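Protein chains: 2
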Amino acid sequence: MPRVVVHVMPKPEILDPQGKAVAGALPRLGFDGISSVRQGKRFELEVDGTVDEAALARIREAAETLLSNPVIEDVVAIDVADEAERGEA
Amino acid sequence: MPRVVVHVMPKPEILDPQGKAVAGALPRLGFDGISSVRQGKRFELEVDGTVDEAALARIREAAETLLSNPVIEDVVAIDVADEAERGEA
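Those sequence lines, one after another, are chains Z and R. Be aware that the first sequence starts at 1, since it is given in the working numbering, and climbs by one per residue. Be aware that the second sequence starts at 101, since it is given in the working numbering, and climbs by one per residue.
Source of the hints: derived by calculation from the structure; they are not laboratory data. Keep in mind it's a predicted model, so treat the numbers as computed, not measured. Keep in mind that the hints are not guaranteed to be accurate.
[To be verified] Some chain R residues judged to face chain Z by a derived CB distance under 10 Å, without partners named: (1) V105; (2) Q118; (3) V122; (4) L145; (5) L166; (6) N169; (7) P170; (8) V171; (9) I172.
All C-beta atoms in this analysis are idealised placements derived from N, C-alpha and C, irrespective of residue type, glycine included.
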């Protein structure tokens, strides 16, 4: 079953308290060299059937209306992934 | 400044109430054809200096201890991205 991954991040001009908290915690825990952190969301959608242009267009619409809050978030990427790609890291 | 993106997802055997809620809302809002949704996190880290093997190893350690909860989450990918890649979608 094809999988589509939707990446959502807070808009650059929006404060990101979660990311700030992580950025503050990293040096306290001994991880230096990271100057800023922003935290967003990653959605993995299992799609019935094939992912064609029409399906991707509808997924983009869903991503921009339901999966993200367009006032404060951007959909930064929509990737079509295969089942096999999961767990690559 | 190089950017490293860390992708964290709930482990497959862990219930994901946020993803379930999204999956339930999609058909109500007219988006059919998506059989399941899982919601994870995406962290964008701005790294000082270059991202070499040693830096990536430390980022992986931070990802697996601080950015994710290893009891319920997996670090599914760590990507090195360039500033230019942001906003590709």
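Task: Numbered hints the structure breaks, given as an ascending list - done: 6, 7, 8, 9
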